[in-house]
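Q: Numbered by the numbering used here, the letters in the sequence shown go through residues 90 to 244 in order.
Keep in mind that the hints are not guaranteed to be accurate.
As the list claims (entries may be wrong) - Pair by pair, the computed Cβ-Cβ distance ranges are:
no. : residue 1 : residue 2 : range
1   : A234      : G186      : 29 to 37 Å
2   : A168      : E122      : 18 to 26 Å
3   : G176      : A134      : 29 to 37 Å
4   : A156      : V230      : 24 to 32 Å
5   : G212      : D116      : 31 to 39 Å
6   : D194      : N229      : 15 to 23 Å
7   : P202      : S172      : 19 to 27 Å
Since the hints were derived computationally from the structure, they do not count as laboratory data. Where is the CB? At the ideal position from N, CA and C, for every residue including glycine.
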Amino acid sequence: MNLCVAGCADKQNSGSARGINARVIFDELELWEDGVARSAAENMACDEALSQAAAGRAVLRIYRWGAAAVTFGYSQRVAEALSMAGGREVMRRWTGGGIVEHGEDLTLGLVFPRGSVFGAMGGEAIYRELHGAWLRRLGNVVAGAEMAGGGISRA
């Protein structure tokens, strides 16, 4: 499976698909559709284990939550997360980022080689690049699809 920004590309046309100027991000992308709704601790442990086991491969994990939870990045204060939790499970992510409330959301975890297009980008830029591309595709199928935090054009 290829993963592209701004459309899908096939290897025969070197990044251009149906007239769309697309940039291939990964030549190969493994997909882990995790069918088990896990606790916050289990989900974060799976993400960390995946990052260590991927060994230079790009892998996308798609998963759900067994119960409502709050996760927070390594630079966030636990007191902030606890104040938002309202009795939900709280778990620190081993990665950065802010405080995220989870429930019935579909969550994506992506690990990629350091030498990939994303290797030199910061977390927010990666988030916007990937989610913006997915949102543009979903916007044609799912009415009202939007990215948390906004600011992404569907054009």
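Q: What hint numbers does the structure not satisfy?
A: 1, 2, 3, 5, 7
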